[in-house]
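**Student:** The primary structure of each chain is shown beneath.
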Amino acid sequence: MKKNPWSASWRTLITALVALAFFAAACGSDASEGEASSEGEASNEGDEGAAVLRIGAIPDQEPERLQRTYDLLSDYLAAELDVTVEYVPVTDYQGAVTAFRVGDLDLAWFGGLTGVQARLEVEGANAIAQRDIDEAFTSVFIARADTGIDTIADVAGLSVLEGRSFTFGSESSTSGRLMPQSFLAEAGIEIDSSFDGAPGFSGSHDATIEVVAAGSFEVGALNSEVWDSRVEAGDVDPSEVIEIFRTPPYYDYHWVSQPELDARFGDGFQDNVVAALTSLDADDPDHEAILELFGAGSFIVTENANYAAIEAVGRETGLIRS
Amino acid sequence: MTGPEARIPTLSSGRRATIAILAAIAWAASRAGVGDEVVNRRGFGTFGEFWRAVLKPELASEFVTLTAESAAVTLAYAVLGTALALVLGVLGAPALSALLVPRHRALGRLFWLVSRSILVVPRAVHELLWALLFIQVLGFDPMVAVLAIGLPFGAVTAKVYAETIDEADPAPFLALRATGASKLAALFYGVLPDIRGELTSFAFYRLECAIRSAAILGVIGAGGIGFQLDLSFETLRYSEIWTLIAALMLLSGLADRWSSAVRRATGPGVKRASFAALAVLLPLSWRWVTLDPSALWSDRTIDLGRRLGDDLWPPRLGPGRWSELLGAMVDTTAMSLLALAIAGFGGLAAATAVSRPTGRAAHNTALGGLRRMVLRLILLLLRAVPAPIWAFLMVLVLFPGLWPGAVALGIYNLGVLGRLFAEIIEDRDTASADGLLLTGARGVQTLFYGTLPTAGPRLTSVALYRWEVIVRETVVVGVVGAGGLGQLINEHLAARDFAAVAGAIVALVVVSLAIDSISAWLRRTLRTGSSNGRQVAG
Numbered sequence: 001m002k003k004n005p006w007s008a009s010w011r012t013l014i015t016a017l018v019a020l021a022f023f024a025a026a027c028g029s030d031a032s033e034g035e036a037s038s039e040g041e042a043s044n045e046g047d048e049g050a051a052v053l054r055i056g057a058i059p060d061q062e063p064e065r066l067q068r069t070y071d072l073l074s075d076y077l078a079a080e081l082d083v084t085v086e087y088v089p090v091t092d093y094q095g096a097v098t099a100f101r102v103g104d105l106d107l108a109w110f111g112g113l114t115g116v117q118a119r120l121e122v123e124g125a126n127a128i129a130q131r132d133i134d135e136a137f138t139s140v141f142i143a144r145a146d147t148g149i150d151t152i153a154d155v156a157g158l159s160v161l162e163g164r165s166f167t168f169g170s171e172s173s174t175s176g177r178l179m180p181q182s183f184l185a186e187a188g189i190e191i192d193s194s195f196d197g198a199p200g201f202s203g204s205h206d207a208t209i210e211v212v213a214a215g216s217f218e219v220g221a222l223n224s225e226v227w228d229s230r231v232e233a234g235d236v237d238p239s240e241v242i243e244i245f246r247t248p249p250y251y252d253y254h255w256v257s258q259p260e261l262d263a264r265f266g267d268g269f270q271d272n273v274v275a276a277l278t279s280l281d282a283d284d285p286d287h288e289a290i291l292e293l294f295g296a297g298s299f300i301v302t303e304n305a306n307y308a309a310i311e312a313v314g315r316e317t318g319l320i321r322s
Numbered sequence: 001m002t003g004p005e006a007r008i009p010t011l012s013s014g015r016r017a018t019i020a021i022l023a024a025i026a027w028a029a030s031r032a033g034v035g036d037e038v039v040n041r042r043g044f045g046t047f048g049e050f051w052r053a054v055l056k057p058e059l060a061s062e063f064v065t066l067t068a069e070s071a072a073v074t075l076a077y078a079v080l081g082t083a084l085a086l087v088l089g090v091l092g093a094p095a096l097s098a099l100l101v102p103r104h105r106a107l108g109r110l111f112w113l114v115s116r117s118i119l120v121v122p123r124a125v126h127e128l129l130w131a132l133l134f135i136q137v138l139g140f141d142p143m144v145a146v147l148a149i150g151l152p153f154g155a156v157t158a159k160v161y162a163e164t165i166d167e168a169d170p171a172p173f174l175a176l177r178a179t180g181a182s183k184l185a186a187l188f189y190g191v192l193p194d195i196r197g198e199l200t201s202f203a204f205y206r207l208e209c210a211i212r213s214a215a216i217l218g219v220i221g222a223g224g225i226g227f228q229l230d231l232s233f234e235t236l237r238y239s240e241i242w243t244l245i246a247a248l249m250l251l252s253g254l255a256d257r258w259s260s261a262v263r264r265a266t267g268p269g270v271k272r273a274s275f276a277a278l279a280v281l282l283p284l285s286w287r288w289v290t291l292d293p294s295a296l297w298s299d300r301t302i303d304l305g306r307r308l309g310d311d312l313w314p315p316r317l318g319p320g321r322w323s324e325l326l327g328a329m330v331d332t333t334a335m336s337l338l339a340l341a342i343a344g345f346g347g348l349a350a351a352t353a354v355s356r357p358t359g360r361a362a363h364n365t366a367l368g369g370l371r372r373m374v375l376r377l378i379l380l381l382l383r384a385v386p387a388p389i390w391a392f393l394m395v396l397v398l399f400p401g402l403w404p405g406a407v408a409l410g411i412y413n414l415g416v417l418g419r420l421f422a423e424i425i426e427d428r429d430t431a432s433a434d435g436l437l438l439t440g441a442r443g444v445q446t447l448f449y450g451t452l453p454t455a456g457p458r459l460t461s462v463a464l465y466r467w468e469v470i471v472r473e474t475v476v477v478g479v480v481g482a483g484g485l486g487q488l489i490n491e492h493l494a495a496r497d498f499a500a501v502a503g504a505i506v507a508l509v510v511v512s513l514a515i516d517s518i519s520a521w522l523r524r525t526l527r528t529g530s531s532n533g534r535q536v537a538g
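The listed protein sequences correspond, in order, to chains X and B.
Take the first sequence: its position 229, counted from the start at 1, is 229 in this note's numbering, and no numbers get skipped.
Take the second sequence: its position 407, counted from the start at 1, is 407 in this note's numbering, and no numbers get skipped.
These aren't lab readings, by the way, just hints derived from the structure by calculation.
Quick caveat: nothing in here was measured; it's all calculated off a predicted structure.
Ideal Cβ positions, reconstructed from N, Cα and C, are used throughout, including at glycine.
Any given hint could turn out to be false.
Stated by the list, open to error - Label-pair distances were calculated between CB atoms; the ranges are: (1) Gly33(B) - Val160(X): 17 to 27 angstroms; (2) Val121(B) - Ala263(X): 35 to 45 angstroms; (3) Asp286(X) - Gly33(B): 54 to 64 angstroms; (4) Arg230(X) - Gly48(B): 17 to 27 angstroms; (5) Ser159(X) - Pro293(B): 37 to 47 angstroms; (6) Arg287(B) - Ala263(X): 32 to 42 angstroms; (7) Pro283(B) - Arg65(X): 58 to 68 angstroms; (8) Arg230(X) - Ala68(B): 28 to 38 angstroms; (9) Val301(X) - Gly309(B): 20 to 30 angstroms; (10) Gly35(B) - Val160(X): 18 to 28 angstroms; (11) Arg116(B) - Val160(X): 56 to 66 angstroms; (12) Ala136(X) - Pro293(B): 15 to 25 angstroms.
To be verified - Taking beta-carbon pairs under 10 angstroms as the criterion, some of the chain X residues facing chain B (in silico): (13) Gly95; (14) Asp104; (15) Leu120; (16) Ile149; (17) Thr151; (18) Ala153; (19) Glu171; (20) Phe201; (21) Ala207; (22) Phe217; (23) Gly318.
Claimed, not checked - If you only want the chain B side, here are some residues facing chain X, beta carbon under 8 angstroms, derived: (24) Gly43; (25) Gln136; (26) Asp169; (27) Phe227; (28) Leu304; (29) Pro315; (30) Leu317; (31) Pro319; (32) Val395; (33) Pro400; (34) Ala494; (35) Arg496; (36) Asp497.
Looking at chain X on its own, in the form it has when it is part of the complex (with noise of 0.2 angstroms):
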């Protein structure tokens, strides 16, 4: 039996057939999504009017707490701006620039270090609106409770983490990475060699407190709204995992826009989305669901000249470099 030859065929053509028949199952249920979405393709290339602005952000929060805040978002400047708006999601910090660069976002959310990177690689490109908490944004530094580490005083008291483990958020985080960095720099930890360990980075704001609260790490920084956030709702054990440092404030997150906007979707395009960004009022009711996903009193209108310090910064640290 096993010699036969056969035996072989027969499981390649069971083989081939099963393949065959998942294809068959799965392009049949695509036939009318496949038609709709070359059909949405052909429209935007056709008619100047109903262009699609395409939004997406660096995915520093769960995928579906995006995709909520962005959904909602995408059907308010929709409804303000008259265009087809289009949430693009995007995997990693790296993707949202790569993505900004190459033309495939026409308005996207940055980090501050992400934001000066995607200005410096599309010429032109503008930093528009940020939120209320932007201008004044904070890390915090997160330790399980059984470490005994005490509430540190200022920028110079974290010298006391010399020694522990230690964890980032994403490597371009600005609030996860590059200015606790900064800080610790400041207090003269080098995390190339003052920890235990080399430093780890958790991908995300939320994976972070996991982290720490697991005890994969002993130490962590992170965003303070994501954190005071989570807080809130009650996600954190405060008998797992303290918060032992908040830092001095820094310009973080904001909106970007592409140099072209206007003559892509009309004159006066790009002052429109910044007044329908800073139109939206916690008391209206129909805003508020979209301010509170912002962590957002409100939004306010920014400048490139305020992120200086920030790009500053990403040059000390190595992570500016052009």
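Once you have looked at the hints, place chain B on chain X.
**Tutor:** What follows is chain B alone, placed relative to chain X:
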């Protein structure tokens, strides 16, 4: 096949090579660090949670549908990438063949040297890096995955096909040439009939590898099942992860079976049916991912391609200068050795346990059959889950450094090698093992005195070829801070420093080529150069 006498190395050279390999592994372990700073006990809770979730995969119909659709995307990338690789391989092979472009003349030799060098780069750079570079030009387009798989696989295919042409009997080719036939006609009618089987085997082995590559590309955002795995992992939804893993195992298992069946088939029936199936899958895949090659020559692509070229060239050192780059090169070498040790020894143990008994040992029991099936499933699990996902898991219980990356690559490749080893052990000449069984030797003794001496040289050969693959794969675990050139490349990308990325890639190519030469030298020393090893591990 030569007799066993010819394949058993002389003791001195074989022993020296073995000692050298063991010493290198010991050095790599000390470089990675041993003792307290390796295992992070506090992470076992989350790690255990992941494994417990295997019993409760997410079965909500919505998620199962999403899983099936993602699996189709991964399969489509693999099929399209393999198709591109075959086109490139078939076009490139004649140019690289000594039969068609004789090397005794200076011009032919120069041409061969130039084209061979050109092919070295696509092979030495991992699919993941190609994808990261193509994304900078094409954005998140399905063409990225197809090119990232098709280019390096195409280069390997061209090289292997050229070698296959050169190893065939040249007499019919020369006879046809003497009658005035053109080179291509002589190749087509004189050589091809003889080697068609080998070419087909390799084509379907590429498809099997392409499935695994497509899954890895998903992790960096190319879509498909790797992408969903990454999303579910980020939110720590272990139940979803197991559903996705089950789908990957199904896909990968079917592809492995298919590739094995083609490789072992004796008649033309299986191969014809397989090509027919591939011919049907190709247009379906094209449509499923809505492939649009016109993106390749759009103005935007040309403009962005030129910009990326300017950014990449000339390559330069990162802020850490030479010490950082050389340190990373050494780390990458150490990581690949540790991974190879885990994959090689683990794979051998696993293969011995799962291979179907042949010859006199073939007293098949139901319990033995069940045990083998479970072990085969575990091996499939190990190779179906992309290495970066294993690395995410490993950083829970191992401190950042070389170990999480080495262990992740090690267990992933254990899945690959375990299967290939089992095939070799099952196909081996069983006479010597049978002799031992007749004298009353037990299983383990049969392994050491019967199986290893006959299958050993081929096992070593396959393992050494795999080492070359593992070195290239070290970049895919760099994303989790696993150290070495992969992590360095990741840091340079985070700083958008493409010239330094290019510098690190050049360093990686240098390390890859050095290890290729060491591996080739070891294989020569152990006298194990078998074309079969090249075929399955290339």
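**Student:** Are Ala153(X) and chain B close enough, Cβ to Cβ, to be under 10 angstroms, as the hint says?
**Tutor:** Since chain B brings no Cβ nearer than about 27 angstroms to Ala153(X), farther than 10 angstroms, the hint is violated.
**Student:** For the restraint on Phe217(X), tell me whether the closest CB of chain B is nearer than 10 angstroms.
**Tutor:** With a closest approach of 8 angstroms, the Phe217(X) hint holds.
**Student:** When you take the CB atoms of Arg230(X) and Gly48(B), is the distance between them in 17 to 27 angstroms?
**Tutor:** holds (24 angstroms)
**Student:** Given a cut of 10 angstroms on the nearest C-beta pair, is the interface hint for Phe201(X) held or broken against chain B?
**Tutor:** Nearest chain B Cβ about 5 angstroms off; hint holds.
**Student:** Taking 54 to 64 angstroms as the hint, is the beta-carbon distance of Asp286(X) and Gly33(B) inside that range?
**Tutor:** Holds, at about 57 angstroms.
**Student:** Holds or violated: the hint that Gly95(X) contacts chain B, with Cβ atoms closer than 10 angstroms.
**Tutor:** holds (5 angstroms)
**Student:** Once the shortest beta carbon distance from Gln136(B) to chain X is found, is it less than 8 angstroms?
**Tutor:** Holds. Min distance 6 angstroms.
**Student:** Any CB of chain X closer than 8 angstroms to the CB of Ala494(B)?
**Tutor:** holds (4 angstroms)
**Student:** Return holds or violated for the Cβ distance of Val301(X) and Gly309(B) against the range 20 to 30 angstroms.
**Tutor:** Between Val301(X) and Gly309(B), where Cβ atoms are some 38 angstroms apart, the hint is violated.
**Student:** Per the CB criterion, is Leu120(X) less than 10 angstroms away from chain B?
**Tutor:** holds (7 angstroms)
**Student:** Determine whether the Cβ-Cβ distance between Pro283(B) and Arg65(X) falls within the hinted range of 58 to 68 angstroms.
**Tutor:** violated (39 angstroms)
**Student:** Restraint: Ile149(X) near chain B, CB-CB cut 10 angstroms. Satisfied or not?
**Tutor:** violated (15 angstroms)
The structure does not agree with the numbered hints 5, 7, 9, 12, 16, 17, 18, 26, 29, 30 stated previously, though it agrees with the rest.
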